[in-house]
Each structure stands twice: as C-alpha cells, then as structure tokens.
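J.: Sequence:
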Amino acid sequence: MDNDYNRYYIRIRTILGIAPKAIHEELLTALGLNAPAYRTVAKWAERFREGRENVNDDPRSGRPVSELTNENIELVRQVISNNPHSTYDDIIAETFLSHGTIERIIHDHLKMRKVTSRWVPHQLTAEQKEGRVKLCRENLAKFRAGSWRLCDIITGDETWIYHRQIGHKSTNASWIAEGQSPATVVRRGRFEPKNLFCIFFKSNSSVLVHAVDRGETIDHTYYIENCLKPVVKEIRKQRKSNGTKGIKLLHDNARPHHHSDVINYLTDEGINIMPHPPYSPDLAPCDYWLNDYIKNRLTDQPDEKSLARAVSKIVKNISEEEFKKTFDKLLERMELCINNHGDYFEHLIK
Numbered sequence: 001m002d003n004d005y006n007r008y009y010i011r012i013r014t015i016l017g018i019a020p021k022a023i024h025e026e027l028l029t030a031l032g033l034n035a036p037a038y039r040t041v042a043k044w045a046e047r048f049r050e051g052r053e054n055v056n057d058d059p060r061s062g063r064p065v066s067e068l069t070n071e072n073i074e075l076v077r078q079v080i081s082n083n084p085h086s087t088y089d090d091i092i093a094e095t096f097l098s099h100g101t102i103e104r105i106i107h108d109h110l111k112m113r114k115v116t117s118r119w120v121p122h123q124l125t126a127e128q129k130e131g132r133v134k135l136c137r138e139n140l141a142k143f144r145a146g147s148w149r150l151c152d153i154i155t156g157d158e159t160w161i162y163h164r165q166i167g168h169k170s171t172n173a174s175w176i177a178e179g180q181s182p183a184t185v186v187r188r189g190r191f192e193p194k195n196l197f198c199i200f201f202k203s204n205s206s207v208l209v210h211a212v213d214r215g216e217t218i219d220h221t222y223y224i225e226n227c228l229k230p231v232v233k234e235i236r237k238q239r240k241s242n243g244t245k246g247i248k249l250l251h252d253n254a255r256p257h258h259h260s261d262v263i264n265y266l267t268d269e270g271i272n273i274m275p276h277p278p279y280s281p282d283l284a285p286c287d288y289w290l291n292d293y294i295k296n297r298l299t300d301q302p303d304e305k306s307l308a309r310a311v312s313k314i315v316k317n318i319s320e321e322e323f324k325k326t327f328d329k330l331l332e333r334m335e336l337c338i339n340n341h342g343d344y345f346e347h348l349i350k
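In terms of the numbering used here, the sequence shown is residues 1 to 350.
Treat the hints loosely; a few may be bogus.
Stated by the list, open to error - Listed below are the simulated BS3-like cross-link pairs for lysine-lysine, each with C-alpha atoms no more than 25 Å apart in a straight line:
1) Lys21 x Lys194
2) Lys134 x Lys248
3) Lys329 x Lys316
4) Lys142 x Lys129
5) Lys248 x Lys142
6) Lys229 x Lys316
7) Lys142 x Lys324
8) Lys325 x Lys295
9) Lys43 x Lys21
10) Lys245 x Lys324
11) Lys248 x Lys229
12) Lys324 x Lys240
13) Lys245 x Lys233
14) Lys237 x Lys134
15) Lys134 x Lys233
16) Lys229 x Lys134
To be verified - Using C-beta positions, here's what the derived DEER-type ranges look like:
17) Gln165 x Gly100: 47 to 57 Å
18) Asp219 x Trp119: 28 to 38 Å
19) Tyr162 x Thr217: 17 to 27 Å
20) Tyr293 x Ile12: 30 to 40 Å
21) Leu196 x Leu16: 50 to 60 Å
22) Arg164 x Trp119: 52 to 62 Å
23) Ile263 x Ser241: 24 to 34 Å
24) Lys142 x Pro84: 46 to 56 Å
25) Gly270 x Ser306: 52 to 62 Å
26) Asn82 x Lys229: 53 to 63 Å
27) Glu346 x Lys142: 45 to 55 Å
Hints are computed from structural coordinates only; laboratory data are not their basis.
Each residue gets a CB set at the ideal place from its N, CA and C atoms; glycine is no exception.
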C-alpha cells in the first residue's frame, strides 16, 4: 500500500478521534510487516490534529530529496543498519527522501531486498560457532584420511510422532474452483495422542525402531537397556565377522546420551562416540532427514500399536540408496558449516 494511502487513513482516523496506538494496531492487522512504525503513525497523527491536510512529505531544506547522491545513499544505509526491520515510512521519516528515491537507493545502489526472518534452532554464541567449525574440520579430516568410514557410522535419536497427521502448509495447498471453499485443517490440540520413538540407522539400512511405552521416561538406564543393547545385538547380527569393530555412534548431546554409564557401556562394547557439537540438528541425520521423511509418509493411526507398525514399516522400506545419500549429505553439511563460519546454513541448501 502506498504511503499516501496510509497517511489518508491516519488522517481520517485522527479526525474521528482514534488514538495513534489504535490506528497503528489497525494498520498492523491490515498490512502486517508493511505497516508503518508506531512513531510514524504518531508523528502524522499529531500533524493532522494540528490542522495539517497535506499528506505529502515536507522537503528538508539544504538536502536533495530526489537525487541519488552519495550522502543520501549513506543516510539510507545508516537507517537500515540501525534497524534492519525499517519500513519505507520509517526511512522517509528519518531521511525526508521520497519513496521513489529510497526505493532506487535500496535496490540499485545498496543491492538489498527485504526477506522474512528465518527460524533457527538456537542463538549460537561465537564460542559455539567456533566449536561447530572445529568439530566439523576434525571429523572431515578423519573421513578424508580414511581412518573413519561412513559405513561404520550408526546414528540415532528420539522423536515424537502424532497419531493424526496434518502435513506441512505446502502439502496442504490445493487447487479449487471459483467460489469453492478451501479444505480446512484442524490445528493440533495440546493433548493430542502422540508416541515417542527411538530410531537408529546406518549408511545402508535401518538398525532399530523402538516405540517407547506411554508413561516411560528415557533416562540413561532406559537408553542402555532398550536402545543401545538392541542396537549392539543388531550390529553383531549384520556384521558377523567384525561385530562392533570400528563402529562409531553419532547421537546428540541429550543428557541420557552422555551419562557416564552410557559412555562406559559403549566403551566396553568397543564403540566410539562420534563428537557432535551442541545445538546442531543441521548436522544430525535424524533431524535433517529421517524425522520429516517418516512424517511425510505417515497416515492417521488409531492407536499406538498401529502407529508403531506404520513407523516401523516406513523405516524398513527405505532403500539403501536413500540411506547412503543421507550420509553423503552429512559430509556436505560439515563443509557448509565450515564455509558458513559455524552459523546455521539450512537457508543455503537448494
């Protein structure tokens, strides 16, 4: 919406005696991120209360308002630097430049575009970013030197899965005829039934799908008895000659995973732990691939037994090629993490 329309709206609402705060809330409801800032609304409301009728900007004396000067370019750059969420109205209020001039400065000279903020798992500190880079470099070096092999890595994690599937916003989109109402999707309630699963896999097959009974809590003892021991048993079954020799376990830094009893058990079984940086789901195959893979293929299930069967069937039907591709991506993701200086990089993946 054009700035003039915003100001006409502010003027009419001010004449009707509506407070600037209420006017700003109305504009936010209508325009979202494109709404002018509150201080802009308050400034124009004050002008209209004082009898102003003109909604156009006042030129600032001594400053070009429509020329693309270095001074104006730097002025706009500074406003955006101080507040990356600035709207056009905010920049106009700060610089007294016209909308067209500001638009040309932003797009043609500063080469900027406005995008919606992206969600990240955690606000990483500089130290955490450095730790991610360090571990990725160390792990990659071992793979490249041949001392580690992807076929020796087993990874696993816990994940909650709901009985009722609602899909992602993109998968719920559908074509409708003119006048036809779109289908509705009921938002999940707080107490909708769900079950916790522990799933482990390697570069060519699944290893374990374990459904946690309702009411059970995964502590270090449960993790050893119901997850790690069955995983070790399956490894020995699949690798009859080598057993657990050379096996590395990649799991996250959840408290049960790093209990001393867990570490001692893995050591006794000859399994090494592959170092994994904290707050790094983008470097965990369960998080960046498997969980969504399962949920995108799952249909509604009436009870926990049916859900367990469905999840197990999906995982066991994953092809060897799909598993291998996922582990190859782990190396690519380590490279991305290094190249992105330890920051999250999901937005860089095409």
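J.: Would you mind marking each hint as holding or not holding in the structure?
T.: Each hint, compared with the structure:
no., hint, result
1, Lys21 x Lys194, "violated (43 Å)"
2, Lys134 x Lys248, "holds (19 Å)"
3, Lys329 x Lys316, "holds (20 Å)"
4, Lys142 x Lys129, "holds (20 Å)"
5, Lys248 x Lys142, "holds (12 Å)"
6, Lys229 x Lys316, "holds (19 Å)"
7, Lys142 x Lys324, "holds (18 Å)"
8, Lys325 x Lys295, "holds (19 Å)"
9, Lys43 x Lys21, "holds (11 Å)"
10, Lys245 x Lys324, "holds (20 Å)"
11, Lys248 x Lys229, "holds (15 Å)"
12, Lys324 x Lys240, "holds (21 Å)"
13, Lys245 x Lys233, "holds (13 Å)"
14, Lys237 x Lys134, "violated (35 Å)"
15, Lys134 x Lys233, "violated (33 Å)"
16, Lys229 x Lys134, "violated (31 Å)"
17, Gln165 x Gly100: 47 to 57 Å, "holds (48 Å)"
18, Asp219 x Trp119: 28 to 38 Å, "holds (30 Å)"
19, Tyr162 x Thr217: 17 to 27 Å, "holds (19 Å)"
20, Tyr293 x Ile12: 30 to 40 Å, "violated (53 Å)"
21, Leu196 x Leu16: 50 to 60 Å, "holds (55 Å)"
22, Arg164 x Trp119: 52 to 62 Å, "violated (24 Å)"
23, Ile263 x Ser241: 24 to 34 Å, "holds (26 Å)"
24, Lys142 x Pro84: 46 to 56 Å, "violated (40 Å)"
25, Gly270 x Ser306: 52 to 62 Å, "violated (38 Å)"
26, Asn82 x Lys229: 53 to 63 Å, "holds (57 Å)"
27, Glu346 x Lys142: 45 to 55 Å, "violated (25 Å)"
The structure shown violates the earlier hints numbered 1, 14, 15, 16, 20, 22, 24, 25, 27.
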